[in-house]
Every structure is written in structure tokens, then in C-alpha cells.
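Student: As they're listed, the protein sequences go chains A and B. Going by the working numbering, the first residue of the first sequence is number 38, and it counts up by one from there. Going by the working numbering, the first residue of the second sequence is number 34, and it counts up by one from there.
No wet-lab data here; the hints were simulated from the structure. Hints are supplied without guarantee of correctness; some may be wrong.
A few chain A residues facing chain B, derived, Cβ under 10 Å [unchecked claim]: (1) Q43; (2) M44; (3) S51; (4) A54; (5) F55; (6) L56; (7) Y73; (8) T88; (9) A90; (10) K93; (11) A142.
Derived lysine to aspartate or glutamate pairs resembling DMTMM-like cross-links, with alpha carbons at most 25 Å apart [stated by the list, open to error]: (12) A/K86 - B/E55; (13) B/K36 - B/E50; (14) B/K90 - B/D34; (15) B/K90 - A/D121; (16) A/K97 - B/E63; (17) A/K105 - B/E55; (18) B/K103 - B/D71; (19) B/K36 - B/E105; (20) A/K86 - B/E95; (21) B/K36 - B/E63; (22) B/K36 - A/D39; (23) A/K93 - B/D92; (24) A/K89 - A/E100; (25) B/K46 - A/E79; (26) B/K88 - A/D39; (27) A/K89 - B/D71; (28) B/K46 - A/D121; (29) A/K86 - B/E112.
Since the model is a prediction, treat every value here as computed from it, not as a measurement. For each residue, glycine too, the CB sits at the ideal point set by N, CA and C.
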Amino acid sequence: GDSVTQMEGPVTLSEEAFLTINCTYTATGYPSLFWYVQYPGEGLQLLLKATKADDKGSNKGFEATYRKETTSFHLEKGSVQVSDSAVYFCALTLSGGYNKLIFGAGTRLAVHP
Amino acid sequence: DVKVTQSSRYLVKRTGEKVFLECVQDMDHENMFWYRQDPGLGLRLIYFSYDVKMKEKGDIPEGYSVSREKKERFSLILESASTNQTSMYLCASMWSGRGRETQYFGPGTRLLVL
Numbered sequence: 038g039d040s041v042t043q044m045e046g047p048v049t050l051s052e053e054a055f056l057t058i059n060c061t062y063t064a065t066g067y068p069s070l071f072w073y074v075q076y077p078g079e080g081l082q083l084l085l086k087a088t089k090a091d092d093k094g095s096n097k098g099f100e101a102t103y104r105k106e107t108t109s110f111h112l113e114k115g116s117v118q119v120s121d122s123a124v125y126f127c128a129l130t131l132s133g134g135y136n137k138l139i140f141g142a143g144t145r146l147a148v149h150p
Numbered sequence: 034d035v036k037v038t039q040s041s042r043y044l045v046k047r048t049g050e051k052v053f054l055e056c057v058q059d060m061d062h063e064n065m066f067w068y069r070q071d072p073g074l075g076l077r078l079i080y081f082s083y084d085v086k087m088k089e090k091g092d093i094p095e096g097y098s099v100s101r102e103k104k105e106r107f108s109l110i111l112e113s114a115s116t117n118q119t120s121m122y123l124c125a126s127m128w129s130g131r132g133r134e135t136q137y138f139g140p141g142t143r144l145l146v147l
């Protein structure tokens, strides 16, 4: 079935370090891909998305490129801040089917000064 | 801004109680969703609704039911709460149509069943 696999956390980094969180997917058809972020005590909010192969989503210094050949959508940021500490979820949705989201397990990021 | 609100941030209930979780959105979205979030499992879809009075089972509907009598409100019901339903519950809403796949989430309700 359709699924999303993302790297296990927690990921612990120092401020200004480079961040990569890996995400791969399995899907029939042509999914749209998303990264959602959950800050402590809050619900999820959309960070970025890409709807077709080779699209790059970007927001707040984060980027992810939709790679159909490797079925991946890795999240990157060149220089993390303490305020980026959160849980990051990779997700996909398939065209049709009421746009249900399928989530990965989430990766907790902790950034220290 | 889209706003999705949930009736409670924290709830404590006893085993066997009937529990109602309410979700309201203010953007006239057709689709609404209920998820539960558990450590290491991500978010799992319980039920969703694509229109008033319409509902579809998600991946883990057992022990839950839903109600959508008005477009803006989607209720999750635990008919007889059990300890394995202790979890964080998240509601989301979304427009229909291609290119509008973003789901907007409420802040969550953390439910403890004793």
C-alpha cells in the first residue's frame, strides 16, 4: 500500500548547522508531497509542498525537491535556528480519493545554541 | 487566515464514558478529518467527511464514530472510552479540488482515559 518512511529521530544539531531529514515514499499513481511541522504544544502546519516531479518546495529557508526516480522528498535547511526545534512530518496525498494524507512517523529536531 | 478550533486542549475521562470531541472551521471547507497522533506512529486517519452528513472510514475507525450535521462542524465520538484511546486527537479541514490539497489543522486535544 501507499506509505511514507522518514528517518528516525531525534535529530540534535547545534545552531547554524546544516539539516537533512530523509523521506521516501511508496505510492501508486502520482502523489503530491508535503512537509508539515509541529511546534511544541501546537497542531501541524504546512511547511512546504510539491505537486509534481522535479518541483522544489521552499519556505522559511527550508527546501525539498520531489525526486520521482528515487521516490524521495528530503527536507534541507542550510543553517538551523533554535526556533526550528519541532517535529517534522513528511506526507503524501494521491489525486482523487478525497485527498487523504498519509503521514510518516515524524522526526523530532532539537537545535541547541 | 484559516482557523480550525477544537473544543478542548486537555480532557480526562474514565473508562466507559462517552466522549465528544468537537472541531469547527471557519473557511467553508468541504473536507474535514480526524486523526490520532501517537509517538512513533505519526498521524493515523480515523474518519473523514467530504460533505455535510457524509462520512468515510479512515485507517483506524474501530471504537469511534463521527457526526457532521453542519458544514463547519465535525464531531468525533468515543462511544465507550477505553485506555487504549488515550492519545492526541487532531482535526483538520481542506477545500476540495486539485491544487488545493493543503490541510489546515487545529491545535489538538490531548485525551487521557483512566
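Student: Could you run down the list of hints and mark each one as holding or not?
Tutor: Evaluated hints:
1. Q43: With a closest approach of 9 Å, the A/Q43 hint holds.
2. M44: violated (13 Å)
3. S51: Since chain B brings no Cβ nearer than about 25 Å to A/S51, farther than 10 Å, the hint is violated.
4. A54: violated (25 Å)
5. F55: Violated, about 25 Å.
6. L56: violated (19 Å)
7. Y73: At 8 Å from the nearest chain B Cβ, A/Y73 passes the 10 Å test, so the hint holds.
8. T88: Hint holds; A/T88 Cβ to chain B Cβ min 7 Å, cut 10 Å.
9. A90: Violated: closest Cβ of chain B sits about 16 Å from A/A90, beyond 10 Å.
10. K93: With a closest approach of 17 Å, the A/K93 hint is violated.
11. A142: The hint holds - A/A142 has a Cβ within 10 Å of chain B, the shortest such distance being about 4 Å.
12. A/K86 - B/E55: At roughly 28 Å apart (the allowed maximum being 25 Å), B/E55 and A/K86 break the hint.
13. B/K36 - B/E50: Status violated; Cα separation ~29 Å.
14. B/K90 - B/D34: violated (29 Å)
15. B/K90 - A/D121: violated (34 Å)
16. A/K97 - B/E63: violated (29 Å)
17. A/K105 - B/E55: Violated, at about 39 Å.
18. B/K103 - B/D71: Answer violated: B/K103 to B/D71 is near 29 Å, above 25 Å.
19. B/K36 - B/E105: Answer holds: B/K36 to B/E105 is near 11 Å, not above 25 Å.
20. A/K86 - B/E95: Status violated; Cα separation ~31 Å.
21. B/K36 - B/E63: holds (14 Å)
22. B/K36 - A/D39: violated (30 Å)
23. A/K93 - B/D92: Roughly 30 Å separates the two Cα atoms, so the pair is violated.
24. A/K89 - A/E100: holds (15 Å)
25. B/K46 - A/E79: holds (22 Å)
26. B/K88 - A/D39: holds (22 Å)
27. A/K89 - B/D71: violated (30 Å)
28. B/K46 - A/D121: Not satisfied, since the Cα-Cα distance of roughly 34 Å exceeds 25 Å.
29. A/K86 - B/E112: violated (37 Å)
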